[in-house]
Structures are given as structure tokens and as C-alpha cells.
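Enquirer: On the provided structure of chain A, position chain B as indicated by the hints.
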Amino acid sequence: MPAHLLLKRPCFRVEPCCAVFSLQGSPEAAEEAEQGPEPRAGGAVRRGKRAAPTAADPQPAKLSRAELYKPPTSEELTQLKETEDLFHSSLLRLQIEELLKEVTLKETKKKKIDAFLHEINSLLGAIPETPETELTDQAWLSEDVKVPFLQVPFNVKGRFHFVPPAELKVVGSYLLGTCVRPEINVDIAVTMPREIFQDKDNLNQRYHRKRALYLSHIAQHLSKEKLFGSVKFAYMNSNHLKPILLLRPQGLLCSLAGVSRLGLTVNPTKHTCIQHCSYSCSLQPCSPLSSCLPQEPVCSKDEKMVTVRLHACPDSGLFKPSRFYPSKNNVRTAWFMEQSTPKEGTAWGWRSMGLFVSGRDCPQCLWVGSLQPFSVGRRLVLGSNKLSSPHTGATEPPTPHYNNSILCDTVMLSHLHFLSNAATDFPGMKDGLALLKVWLNQRQLSKGLGCFSGFLISMLVAYLLMKRKIVKMMSGYQVLRSTLQFLATTDLSVTGISLAKDADPSLPVLDDFHQAFEVVFVDPSGLVNLCADMTASKYHQVQFEAKRSMEILDDRMVDGFQVLLMTPKPMLRTFDHVFHLKHVSKLQGTCKKMQLLNELMDRGGNYVAAALPFVVSLLARGLSQRAQLVAHSLPQIPEWPIDAEPPKHKDVGPLTFGLLFVPEFAASTLEKGPQADHPEVRGTLLVLSKSKAGAVLWLKTAGRLAGDPGKVFSGPEALEFRTFWGEKSELRRFQDGSICEAVVWEASTVCQKRLIPEQIIRHLLKLHADIPESSICYTGALLESVIRTGKEKLLPGVAVLASRSLVVMPAQEGGEAWGTGEEAMVSVICSYDDLSRKLWNLKELPLTVTAVQGVHPALRYTDVFPPIPVKPVYSFHNRKKHLLLPSEEKPCPAYVTPLKVICHMEGSGQWPQDKGAIKRIKAAFHLQLAELLRQQHQLVCRPAVTHTDVYKDGYVFRLQVAYHREPLILKEVVTPEGMLKYQDTEESRQLELETLHLPYLTSSLHGLQQQHPVFGSTSRLAKRWISAQLLSDSISEECVDLLVAFLFLHPAPFTPPSSPQVGFLRFLNLLATFDWKNNPLIVNLNTGLTGRHYSLCWGQGDFPLLSCHVSLACRMGLAVPYSDCTEIKNKFVAARSRLPVMFLATPKDQWSSMWTRERPSAQILQRLVLLASESRRALEEQLVDPLSDQDVKMVFRPPLDFYDVLIHLNPNQIPRQLESVDRPVKSASRGVVKNSSAMNILFPVVDYDPVQLYLQELRDAFDDLALFFYDKHGGEVIAVLWKPLSFQPQPFKVSSMKGRKVTTLNNELVCVPNVEAILEDFEILGEGLVKNVETRTEKWTI
Amino acid sequence: MAAATGCAAGAVPAGYAVLAVKFSERQRSPHCLLVKEHQVREGTDTAHPPRRTLFVLNVPPYCGPDSLSRLFSRCGHVQSVDVCDKPGPGEKKDKLTSKFFDHKTLKGFQIAYVVFRKPAAVQAAKALSHQGPLLISTESYPVKTGISKWIASYEASIVDPKELKAEVDAYMQDYDKKMAEEEAKAAKEEGVPDEEGWVKVTRKGRKPGLPRTEAANLRVLEKEKQKRARKELLNFYAWQHRETKRERRLYPAASKQLTGWI
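Sequence order for the protein chains is A and B.
With this note's numbering, you'll find the first sequence wraps up at 1510, consecutive numbering, no jumps.
With this note's numbering, you'll find the second sequence wraps up at 251, consecutive numbering, no jumps.
Just so you know, these hints were derived from the structure itself, not from any lab.
Since the model is a prediction, treat every value here as computed from it, not as a measurement.
Among the clues, some could well be false.
[Said to hold, decoys possible] Partner residues aside, some chain A positions facing chain B, computed with beta carbon under 7 Å:
(1) Leu1148
(2) Met1465
(3) Gly1494
[Said to hold, decoys possible] Mimicking DSSO-like on lysine-lysine, the simulated pairs with C-alpha atoms at most 30 Å apart in a straight line are:
(4) A:Lys1049 / B:Lys138
(5) A:Lys1048 / B:Lys138
(6) B:Lys212 / A:Lys1299
(7) A:Lys1461 / B:Lys96
A virtual CB, placed ideally from N, CA and C, is assigned to each residue, including glycine.
Extracted from the complex, chain B is given alone in its bound form:
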């Protein structure tokens, strides 16, 4: 327990409280969660309202949102837990989360925002530092690690073709609809001047314009350069003439080759 107390009672950065957290009873040295009240200007971070949100640092890899939620539920009702890689404003979660696509699995040590329903819970959570270490995996709520976890994730990785098909179909229908709408809109705007009288030129119209890509731009610039170079005079000044002559005299072979080259 010496290590545990050292962790808890040691130095603490300003504003933070240190919570010792262990995986299970058996673990001897705990990790230290650093927690503090989430502080941002009002309105900038709607997902994590200040005062009600607990900002947690150094969440061990085996401690997922569920475990966190369970750990902090003793301080008050937990509204949501948001685990992420680095601190930042929480995004509003997309409603259209896919079961199969755009998976982001979090790895390693994380930080977390625990949003309570009441501000008082935040203070209660900070006060937990005076108690013994928190346990992530208990008998009633075992957390899977190692072999059992990998077997479970192997099982999860096997998809049900029907479900996948249904999802893909739904997405593609949406997509097709969207594309059709856009096309229709573009077709409607084709050749129609806007309020100031400008007509938007696209690749599709009757007179297709230059594509607005970097490659096309470079091509144009290169052409310009060549044109300019053609117009420029070589050996304009007397010293330029002199030098060319000297070169020829000194290294006849090379200049012969040189002329051949050009």
C-alpha cells in the first residue's frame, strides 16, 4: 500500500486531485487518475458543460467508459462519459454512427470527460482521493482483458452479411439521392447568372472551363515561362559575348558537344 499512498498523497498539480485506481484487488501499485473540474468559457464546449463535468487524466487502457461511469456513479448520477485521445471540445456525436464503418478504437492511456447531472458530484469525485484506491474490475463487474478479451473481439469482428448489406444499401440510397439532388441543382444553375451577373463555368457545361486543379495551374505557369524564355535575348551584353567566345576557345571539344546537345 506504500506505493498507493505515495501516489495519492504526493505532490498534486494545482486544481487537480489524485485518485488511485487499481485494476483489481490483486494489483499492488495503482495508477493515479488526475481529476479536476472541467473549465472552459461558457458555451464553447456544449458537450461538456463546465461545473458539471469532471476532467480525468491518465485513464488506463483497460478502463473503458462503462467502468468510468460505474466508478464515478458513487458520487452522483453520471450523465455521460466521453473518452478521447487528447483534450478538446467534445463534438456532437453523429446520429448516423455506423456499426461497421469509421470505427475509432481508442488505444492506450486516455483522457475522459465525465458529465454528471449535478455539479455537486464533481466535488464529491475529487474528494474520492482521500479514500482507498478504486477498483476497475470487481467480481460483480468483471472487466475482460487478455485472452478472453481477444476472443470476444475476434467474435465481434465477424460481421453478419445481411446486416452489413442492409446498412450499405441504406447508405448508398441516401448517397444516390444526395448526388441526384446536387446534380439537379447544378443543372438548374447552369448558365444562369447570379445577382451580380456572373455565370458560373463548370466542366460540364457547353463551354467547359479550365479545371481548377493545381496541376492545371502549374501547366499554365510552365507554358508562360517558356514563352518568356523564348523572347529573352542571350549574349546581349558585350561581356556575355566575350565569355562565350573564351569558353569555345578553351574547351573546344566540350563546346562542340554542347552545341550538339542543344
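Next comes chain A alone, as it looks inside the complex:
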């Protein structure tokens, strides 16, 4: 009987709920039994095991035959049928079930929470009444409680007295069972009795103030109770009008409920192990969830367990709903303007700002008079619409947001009923909502003002149910899918939706809502807009995410579950460029500039909320072509203690904006406007100059030069364009002859072009929003300085650069900076292309050149510092005949990188079939290539045995001839029986790598760069970081390139990076969180790995992982996604112990991971992971906080504390000194000058880097005693780490005497390292290079 059947059988034995999961019990459990208690990082597996005891038999292998062959029970069959019908795949089902287990609330906890709620209920009823006072007289409130409301203007009519609540009702997710850990909130609606209220309480925030006073009185009493761990205020969804009271239980809750605390703890070991085990980061189903959420300050677990939120709400029927229609006004301008007395320092006086010149009786008149310069999104147009009929009926502007905030309170209970109706008989809804909430949480969409909250998503699911887009049969996964599908395809900012069933003609229609709000989703009552606070941009972001998620779910190559639900998407890593508005108080000025008084009144004076939609749509318009998404962070206000003043509007902290670019357009220098064609214009055009792009002619009109540009000529469109762009707009004639308004941004290098969006944003915000440049902190390209080559600006004609700059310009339109090296790279590649053409066409070569392939990183755009064309200064060097040599007295000459190029020669019978002879023939070819290149192309060449160096255009190319059969010949071994065998040898492998795989990789990555223009820069940044951490010799460059390529080829859940910085952040994140131990990293270069989707793989028994689930599915006739990737993963698991610690698979290298075979070692990888996660943390902290002192280079300075010895080097002898992170102010001349085209010049000193030679000698001599670390880009120190093992005394052995001395220890002869002598050897070997050797630890003393 096949063994795998035996193992798989128990799947049918266990209970349905565990059935799927006990799959893991079979082969893996057996394997583990053999291996002993090795900890498995596979979180799902481990968790599954915990659930396993519920299964009848956790030891599947020991089942009897009868049990094995028992036919499946009906439940099992249903279960499997369901999986087939309702889920994507059975694996996904397992994952989702595990996730749900993790996030849903346990029954035991629920009991405790219920007990707590009962306590609260009885306490609230016992709060005493207070005498009636004026609303403004708050003396009755004790000093310890501050009213949680910004009472501006303070004066308001009305009287208030406290009466115990008429009713207490639990509402929201807790009752529906849809609350999701880790933040469990229980919402209680506290109904304020009718007698508190008076007529006209709907006006002028009187209701809101009463509500706040009511809550503060409750707070005052509850704060005295021992029951509560904390009593705090917060704003509901950070809306200033809606304070709520937060109650958290005291740590004694358990004793209250009389149960042990065991059930409550969140298994601390699990969390610590995440932090410490650097390998297993991403697989823990729980970890990303809990870690992505903002960590609360340490408080007791019970306190964290649940938050009870008290919402005060009015008695139903207190207010007439018609008063709150979106077009109605409930805040009187006259009252609101009261505050404008100049004594309010923090607030703002409209009058003092000079906005209202004609008095405050009818400020609308001003609005009518003012010309709306352009439409910032739809709302502004609407605003003017509203104003066009200012005096019909009400003279006051409508206050939809204000109205909505009151209405929300009145419908809380009915919403609950509505949702619970939807949730009955619908188990999938609960699961689906949990998944959706996790999805939103991971995308940071569910918190803050205008968030897409859990409540909102519940209502949306209910809506879909109503519309029969979801049926009650559906599983949680299908609910998730349908909801995402709906979100992806429906734009609520254009076509709103409503839950109201019966069309009451008196109710406002959707169009009314669209007039008042950006996003429209009307509740069942037909009155409340659930998305009132949401900006259109936020909704578009949700929509974008939903679209992206649908794509991911449909993509078989990625693990949808992992990327959708397990990967957090913080703004910094999601968006290509991120910038902060440092001081939100500047938005006051924006409100003034944009004339947003109505919005301000509507929002209760919250200038952030009022201005944000306008600012965002301004940016969205300015970046229309360039950005596919302009998103903003949600203003969020933390909770505060009851004795503190409520937070001000400016306390939301800096606002963050994220831009997601369209790579094709993001960097274009031209903004083409509408045609301004007019016969008169043509006549007066003056050609001023020609732009570099060649596409545009600089033109200015006489009229425009003379005076007012707007009025001369041009239609309304052109006028609008000009108003929008301000002075930047110019008239230009294009090549097709049309004359258009256009804006041209100044940028000469690629790195400057990447920052054009910054220019646009700064310009527009200054122009239209009155936000000064100093308040904008643009963090889009802060990191690029570490890969910048040369100075920003160089004067043309500077020949000898005596100072630090090695950058020497070729004969171009000089004076331009090299930027971040992209241009230098292009120029190298041009020169290389020319060389390869010349090689192909060489005459008189006995065999033709079949292929010329570059292998140097510069030829795939990933060289950290691309070579620069140079010419040596003769006098700087020692000269021997025609030879330039470095001079001992002078500083080391500049490092000239040889650019290695493989030159494949035609195969022929003439090639010898013998190792030694092939080598000689190749040497002969090198000689001949040099000779021919000199004769036919006048290139200076220098042949050697293994290569020929060609000096061309100031670069040095190193040609290496390759013969395609040579690796094979190197592999030949003849056994004693005379049989010919092919065996990999070190030599053959090396040769294959160099002549076969490296050229292929280079060309693949070259292609990738064409698709993703920032690939190269990202990779360079990554390499620069690795080298700055002194680890560049411990990991191969190709490996880093591939890791970065992975980010571009498999970006899910993100989009491929469009800026090097975001790419770099994701690189750090990848390094830090990828589960290197249990997963291969598959880089699908050129999409060479294809998923043979849905092919049936019965023979999966060969591969232990997943074989159960696959075969189970097969038996049920399910299709199984089976692809190359699966195969790689399976083989990887089977052979894990024999494979490199870091396993990279590419289409051409699926099983061997050739670029990581030797490096990095396990220790180095661990260090790398640690450094990456620390760097990422430090960097993100800096980038997130615009107010701190930003020094992003910090992560590029290695910690040197833990090294044993530091060898300080003499800067004069470091040829790459200028590449260091902190560039020296002054450095020696390096003896190279601007490249000239002179013939017959002498060969520069090539590939001479004393530090590398020194390192090589050190490693050769002391490899078994110490590790040497160095930053090859201009590091001034070599860090040495002793190997602890080799410092243990060893018995005397002839072979292990290197660098040691013999001594006696406990009367035994042992040898120990001769450390004193070795330390002196460091100096001797590096004579002239080493400045001093600093020993930092005494670890080596024995």
C-alpha cells in the first residue's frame, strides 16, 4: 500500500472543524517526532497543533486499517464540498480559519466583559441629579474634570442639568459578535432623558455641549469608582464634535468574575519569540496583526482587554429629522462669528485677518463677489452653486456635517437592529467582517477622522446583502471577495448608495447628499450619510486597495492570504513619495486663502477637517498625470485623561501625504496646457532659446512680456490653466506647431526629475493654500545623497579637481552635475555598446566573436558608484618606460574599475580539448584582440594572461575570452575503469558562473531596469547600506540585486516602487521579515516560471509538504494550483538542511541558489536581519516624524562597538575615499583629470586598491582566527572580530599551528593564538596603509 495514503487517511477521521487542519498532523508530525523538539516557525502549523487535541487521534500513523479505510462521514463530505464551493482553495480555508480563531473574541472573555457591563449599568443609574444652570455656567463641575469639548465661541444660550440616563443599550460590533482583537471595544448608547433638552437645541452646538457636559458629569462620578482601571475621554473617530467616554476595567476584573487570569493572557512566549527569533517573522499569523497596530503604553492586560465606550445620545423623536437635511443650516453665522474677538490668541479672528471687510451681517456677499479662481475638485464648484442663490429661504449656508453629527446619535439603535437582522442566519458575515476589518487595519484605513471604520464596512456588507450581491449562504471568504469587488468597481464619490428602502418623497435624495458630501452612503433611515467625514481621496485609496487586492486574489503566483491579510501597509512603505505638513495650524491660512468659512462653521471650527479635502484635491489636480493616487493620513487625536483640557485642532500632529506615481509620467518636465492658439499671438512670438529636450521651444509673447498675461488673448481654459499654475505657466510652441500654455519644471538629472512632484507640491501649496515651504517636509528623496556622485554643481572647464571630487566630466555641455549616477551609468553603457559593436566587426580574427556580454554591475545599472571617465596625470605617477605606476610618496591614485566583459568566441574544431592548451589559446586571443583593437580602432590596450584591458572613452573594459566548452572540459574526470564522468569542480563552477550565469543575470536585470527605471537606484541604495554596515564582503552583489529585483517583480501587496527610497525601505523590510529558514525566495525573472494552473498532481507523494492537502483535494476532484513555484517550495523543504541559509530561486537557477551558495553564512544572515530591522525602525521613525532632527544617514553609519579590534587606515591611501557616507571635507588629489580624446595616452593604474589587497592578505593569513569587516566604499576602518572557537586552547597539531604559540595549560601542551604578534602583524602587513591598530576588548586574553 502506498505510504502516503496511510498518512493521509486521518483527514477523514477527525471532526469537521479540525479536519482541514489536522492535515499537518500527518507527515510533518512524523517528521518532527524523528527530529525531536525542533521549534517550527510555521505559525499556522504550530497553532494547528494546539488545536489538535480536540481531534480524536493526534497520532495518525497508528490508526488501524479499519479506521483508515472507513468511508468519510457525511459531515466530512459536506465540509469538503463546502471548501470546494465556498473557498478559493483548501489551503486558503485553513489559513482563514486560523486567522479568525486568532481575532475573534473567546467565550470566556465574553462572560467577563458581560459582568463588567452589568457593573457599569448599575453604576450609571446611581449618578445623582444636578440643579439646572446656564450652559455657560460650568461651576458645578468639579475641578478634576474638564469638559471634553472645544467651546469656541464660548457663549451659547441654553440651560443644562444632569438627570440619570433614561436607557442604556449596548450597540455595535460587540453584540453582533463582529469585534476583532486586539482592540475590543464595547459601545454603549446612553440615552439622555428628554427633560435635559429645550427647544432649538439643534442650533449652535447646544446639543453637542449638553452632550459633552452630560458625559463629563458621568466621568466625574465614575472616576471615583475602583472598578475602572482608567476613565478617559476620546473623540469618536477623532471628530471634535463627538466626544465619548472610555472606560477600562481595573486589573481586578478577573477576581470580579471569579475566574483565573489564564484565559486572558495573550501567550507572552509567542510574542517574545517573534522579537528574538530573527528567522521566523512573517509566518506567525498573529504577529503582524498585533505588531502593526500602534502599541499602547504598558498597562495591565485586563485594562487592555476591553474598552467600553459611552456614547451619549438623545431620546428618539426629540428632534424633527427634517431640520437636519443636508441643505439645512443649524449653525448661525452670527453666533459663530462671535469668537472673532482678538483676545483669543489660539483661535483666529476673521476680522483681524481682514477677510470680512464689509461687516458680518451677510458674509455671503463676499463669496458671491469673489471670483473662484479654479475649481479645486467638485466641492468648490458646489460651493459657488450654493452661493448663487444665497437669499432663497435661508440666508445661512447649509451645515451638512454638523447635521450629520447629530443625526448619527439618533439612529444608533436602529443601526444595531438593522445589522443584527442582516447577521441572523448568516455565519459567513461574521467571518467576512472579521477579515475585512483585518484588511482595513493592515492598510491603516480604519482609524481617524473620516476613516473607513468597522461599522462602515458592516453596513456595506448589509447593503450588499440587501442588493443580493451577497447571499446568506456565502462563506467569510466570499463575503470578503464580494465586498472587495464592490469597492473596486463602485465609486461612491460619484454614485452614492443608499440603504433606505421605501422612497419617502420628503426625504432628501442622493443628489442632495452629493451636493453636501464627497462620499455618499446613506443609512436605512435615509437621513444619515455614513461616509460624511470621508474625503474622496480616502475613498479612492480604499478603492485602489480593493482593486489591487482583487488582482492579488486572482493571481495564483502569490500567497493571497499572506499579502492581503498578514502584511501591514504603512504609508511610508506604500507610497513612492511621502511628505508631511509639519504644522497643521498653517491650514488656518489655507482656510482663509480658499475662503472656507462655511466649511469651517460646518465642521465646528476644525480647520484641518475643513481644509483637507480642498488641499488634497488641489494636489490631485496638480499631479493628475503623474500620480495614480494622492492619499493623506487620517487626522487622529489620541484619548486624554478627564482632568486634561481637550486637545486642540492642531494636536492632530503633522499630516502625512502619500503619492503613488505613474512611472511613465511622474518625472516629465513638461506640463502641457490647453492650446492658446490665436493669430495675433503667432506674430508676436519670440524665440528665446531651445530647451534640452528638443521638443519644446521657449517662447514668450510680447504681450506677456509687456504686462498682464491673463488678459491678452486665450480662452477660458487657458485662463484657468494659467490661474492654476500661476507664474510658472508660459506660452510655448511645440514641434507640431501648436502653441500651448505649458509649465516646464527645471530638472537636469534623473534624480532631480524624480523630485519634480516636490516642486509642484511646494509651488501649488504656496500659491493656493498659503502654506509656506518651510512647513512642508518632503521626505521623498532624503536617502539619495548616499549614492550621489560628485558635487551638485560644477563650473564648466574645471579640469584638475584638486579637491575631493573625482567626478570628471566628459566633453558634454559641461557644468551639469552627475546627480545620483544614472547618467553616468548610461554613458558607460553607451561606451560598452560601442565596444561590443567594434568587437563583433573585428577583422582578421581567426575565430569570430559570437557574443559580447557584460558582467560588471555597472552594465546592469546596479553599480553603487558607476565609473567615471578619467585620464591619468603623468606627473602624479612613477613612470617606467610606458608604464604608469602608483607612487609610494604620493597618495594612492583614484580607483579605476575594470568593467568586465565576456567575449564568447566561435566554437570550432580547432579549439584544443585540453585545459592547459585552452588557457594558452585564450591568452593568445587576448594578445590578438589587443593588437587588432589597436590597429583597427586606435584603442589603447593592455593584454594579460586572463584578460585584455581596453582603455576607451576614459573607461577601462576588461575583455575576457570564453570558450563555451571549457567548463565541460574542466569537469571531465576519467574513472579508473576508463569511464568519462562529468563532475563539478571549483574551477568549472567558477567559470560557469562567470561566463554563463552572470551574463544572463546581467542582461535580465538590464531588462528589468528598462521596465522599472528606479530598479538600479534601489539596488544601489541597498548595496550601499550593506556595505556601510561592513557586510559587503559577506554577501554577493548578485544576491542583493536579486533581492531588489524581487521587490519589483513581486511587489504584492504594494505596487512596484517608483522611488529608490521606498524601494530601499521595502528591501530592509524584506530582509528583516522574510522567513529565510522555511521559505525559498522565488524571483521570477523574465516570468520564466509559469504556473501550470489547475493541473492535477496525483504524484505529489514525492513531496512531503502539502502532499496531504493536495491529495485530499485531488481525491475530491478539486483542481489544485500546481506550478513551478510549488515544485520549488516542495523540493526546498525536502532538502532544507543541505541548502544555503538564504535560498534564492530564479527561472534559470531553480535548485541550487548559486549566488548565495557560499555567502552569507548563517551568522551573517542573522546579523543582517537584525541590522535590517533596526535600520528600518530607525529610518521609519525619522521619516515619520518631520519635527525631529532628521539625519537619515544614521542608518548608514555602522555600530563599531562590538568589534574586537579596529584597524584605522591612512585616508591618503584609500582610493575610494570620496564614496564614504560622510564625505571628507578635504582630500588629496588622485592624479586623474578630465578625459580628453587624445590618442596614444598611457594606461591609467587599473584595479589597484591597496585596502582590498590588504584585506586579502589579512584574510589569507588569519582566516581561521578572525573575521574582517570593511566598507569598500571609502571606509576608514577595518573592523576585526575574533572567532571565539579558535581562541579555545587546542592540542598541538602540525596543521593547526598557524599564527599560534605553544604553551602549557594544566600541565598539558596546548597552542593558543599569538595575539600580540598578530596585532603587530596587522601593522606590518599594511605598512604605509595602516594608521594604527586599536584593540577594544580583552576577549582574546586566555
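Expert: Using the frame of chain A, we list chain B on its own:
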């Protein structure tokens, strides 16, 4: 000097003597060379005759054969110095050493065989342990390290094309001649039986045989296997039949697929 004496006077493995050796006067802590008389059976190691050869352990990287030869010349005339990576019988040096090819640069700490002309010198060398540390680099014989060494080796790495060409030509002429000879020999033997009457079959003859490579062998084996598998009976026994039937009954869909697969 404390360290130096510690090195010299400390524990010594049997048969060895410890010689302190310093790079130059300035170095304070010396390295310890362990020396002993080279002992092998007569005739096994012709390059390093026993009795006359001094076996030196732990030779520092900057101490090349020349320095060693100079250091030990005070004990007697040094015939040859052989520095190598690990101990082993010395190979007879190839006469045809190339200037450009097959370079083996020695790196790090080495061991060395110093062959004296007279056996007495070996004992004299061992006696050096009682003296002060030996100096590798002196004013009269400076040893290059660091920058000056690297500049020198950079200079050495630049080859003279003419010289290289001459060497390659000479080698290839030799090689061609050798190949021609071999071919001629093979052509002569082609189809000619040896003393026992066997004819050697090569790839080149009129009836080329199978190539004697591993891949060809595997191919043949694989073919055999397939042939055997074709002949074997499936579902021969009753229980095999029964099981197949049960499988079909239980998992109809899968077996349908399965048949499709086959």
C-alpha cells in the same frame, strides 16, 4: 622582551625547538617558529632528504623562501628552501615552469623545508632557540610589505606581450606535436588486434562504439528499466485487484482524473 622569552622558553612539543622570529627590530612580540629535523623513511621523500632537512612550522606570511634561506644560512650552507601550504612529500619541480601560467602564490602562514648541505647545520639551527629572536627584515635585506609590496606586485602583474606570445607559441607547438603523435599512434592501432586478439573500438573508427561516458551508461540503464517495467504485470494478485476497485469506488472523481492522467 618578556613575551619573546615566554615564547622561546615555554613549553615545547617533543622533538621541536622554538625559534623566536621578528619582522624587524621594532616589533615587540615575536612569532614562534617550531623547527625539527625532518623525519621520513629513507627514499620516500627525495626532495627533502632526512637528516639534512629542517622542518619549520608557522612561517609568517611576510617571510618568504629568500628570507628563510638568509635566516638559516648562519647555521650552514642552505641548499634549498621549499615553502608550502601543508606538510607532504616534496614534488620534483617541473622543469617547464611557466612565468605566466599556473601561478601558485602562497598565502598566510606556511610551513617550510630547509635543506642544508650538511646534517650538522640542522642541529645548529635548532640551537638557535637559545639566542635572541631572528630578524626577517634588516637594513641590509629589507623585506617589502604593505604599499611598497603592492606597488611592486602591481608592476609585476603587467606582462610583456612579446614574452607571453613567445611562451604561448612554444607551448602550443609542443602541444600540437604531441597531439599529432598521439593521433598517428591511434591511427596505427586502429583495427589492429593486440596479442590476445582484442581490437580496441574507438569513436573514430569505421564502426564507432558507445562513448564511454557516464551519461551514456545511464541512458542505457534507463532504457533497460523501462523495458522491464513494460513486461511486468499490474494487478496480478487478487488483493491488488480488490484495492484498485475500492479506490475507484471511494474516490470516483480522482480515479477518473487519474485515468485521464495516464
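Enquirer: Each of the hints needs a verdict: does it hold here or not?
Expert: Checked hints:
1. Leu1148: Holds. Min distance 4 Å.
2. Met1465: 5 Å, holds
3. Gly1494: 5 Å, holds
4. A:Lys1049 / B:Lys138: 20 Å, holds
5. A:Lys1048 / B:Lys138: Judged against 30 Å, a Cα distance of about 17 Å means the pair holds.
6. B:Lys212 / A:Lys1299: At roughly 26 Å apart (the allowed maximum being 30 Å), A:Lys1299 and B:Lys212 satisfy the hint.
7. A:Lys1461 / B:Lys96: Answer holds: A:Lys1461 to B:Lys96 is near 20 Å, not above 30 Å.
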